[in-house]
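**Student:** This is what each chain is made of:
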Amino acid sequence: MCLALPVKVIEVGCGPAGDWAMVDLGGVKKEISLALLDDVQVGDYVILHVGYALSKLDPEEAERTLALFSEMSESVAAAS
Amino acid sequence: MKYIDEFRDGEVAKTLAFKIARLAQPERSYSFMEFCGGHTHAISRYGLSDLLPPNVRMVHGPGCPVCVLPIGRIDMAIDLALHQGVILCTYGDTLRVPASEGLSLMKAKARGGDIRMVYSTLDALQIARDNPERKVVFFAIGFETTTPPTALAILQAAQEQMRNFSVLCCHVLTPAAISQILESPEVRQWGTVPIDGFIGPAHVSTVIGSRPYEFFAEEYRKPVVIAGFEPLDVMQAILMLIAQVNEGRAEVENEFARAVSRDGNQKAQDRVAEVFELRREFEWRGLSVVPYSALMIREKYGSFDAERRFKMDYKSVPDNKACECGAILRGVKRPQDCKIFGTVCTPENPVGSCMVSSEGACAAHYSYGRYKDMTP
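Listed in order, the protein sequences are those of chains A and B. Take the first sequence: its position 16, counting from 1, is numbered 16 in our numbering, and each next residue is one higher. Take the second sequence: its position 61, counting from 1, is numbered 1061 in our numbering, and each next residue is one higher.
Bound conformation, chain A alone (with noise of 0.2 Å):
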């Protein structure tokens, strides 16, 4: 129910109010709400929900997550 996925927006300002937004969801273009979230930009993750934009991916907060796991299989692979 609380599915949503990490989309790429790909163009913004569209609809009638220009607050909505085109996004690519691994090669499928799909026009989503972004009256939930403020300063989106081309280029920008976000999280979709229900045909709305809920948060933004920070890329930064990603690779610190991702490098903790990398740095872990380092760690793994001294200690064996």
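Since the hints were made in silico from the structure, they are not lab data. The reader is advised that the hints may include incorrect statements.
Claimed, not checked - Just a few of them, taken from the derived set where beta-carbon distance is under 10 Å, the chain A residues facing chain B:
1) L37
2) E60
3) R64
These figures come from a predicted structure and were not determined experimentally. Where a beta carbon is used, it is the ideal one built from N, C-alpha and C, also for glycine.
On the provided structure of chain A, position chain B as indicated by the hints.
**Tutor:** Positioned in the frame of chain A, the structure of chain B alone reads:
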């Protein structure tokens, strides 16, 4: 897809499993509740339980909106569709939930009810615009993730002065449900679910932030780790919870920092506060009546409230006697402990709501885990 595939890497999962096994102390046992159905689904789908040592157990929580929706609420929606002549718009999740008299929304549709599955509240609004002579009701269920889109729909309808659109509001609140699990007398009485920590919701938390969980960490001394819905997110959260338990810490940590901040989405929270207020009480399947655990539409937007408009009253309806959904939703029983699991009750013919949604503990176990239980 970016931000999904990296978080499903099998090799990294093995590393995390190794790390978890090393950190978990053999002399103690760890029980963590994943509150959200999204996590339950990920744990079953990716077989994460099999990657955990035997003394680390995941208890499935009640965070599946379809599963906690009581029969009486579905009955109200069916009544609107069959007897009030409305177009009832609903998310697909609710269609197969069993209601009174052997009905479900799907069966009510077969009996001629005008019930339409929508992806978004935007679609429900469009149906109302396209059918000005018909009354259109949106059946709104879900936790904090799904509430802001409903709030926006009501604000939009108000702005357009739509007279034929209203909402049957069944939105519920995550923190209230967690409190109920920690506080409810049944859980104390059963005494069989010692929960050492929680995996906190992913997308609910994008809206409400991590701050609301600080209360549980402080008041109940339970660690909370907010995690994304991908398998590596869940594994990492389990690792962080074990570390907290070992070190005697009870803090809120955020594994899903790529999408969740401490304060959440303020704009979404403002829209929700504008349209909704706390409901004095709401019945949950499995948790019974929980005070201040749900939302209702404010008087100001009362003309968009289907309960006011159609003068509806909620009537509580007991669950099927054989169904163990109540105990499963509280974490005191597992799906396979239910007598009718997988025999009478299947995803094709669900008796209880936990078998309906793919996020329900029973449906998730049926789809991905049940063969493990079979003895040759």
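**Student:** It remains to establish, for every hint, whether it holds in the given structure.
**Tutor:** A quick look at each hint next to the structure:
Taken as an interface hint, A/L37 checks out: its beta carbon lies about 7 Å from the nearest beta carbon of chain B, inside 10 Å. With a least beta-carbon distance of about 8 Å to chain B, the hint placing A/E60 at the interface is held under the 10 Å criterion. Nearest Cβ of chain B to the Cβ of A/R64: about 7 Å, under the 10 Å cut. The hint holds.
Checked against the numbered hints above, the structure violates none of them.
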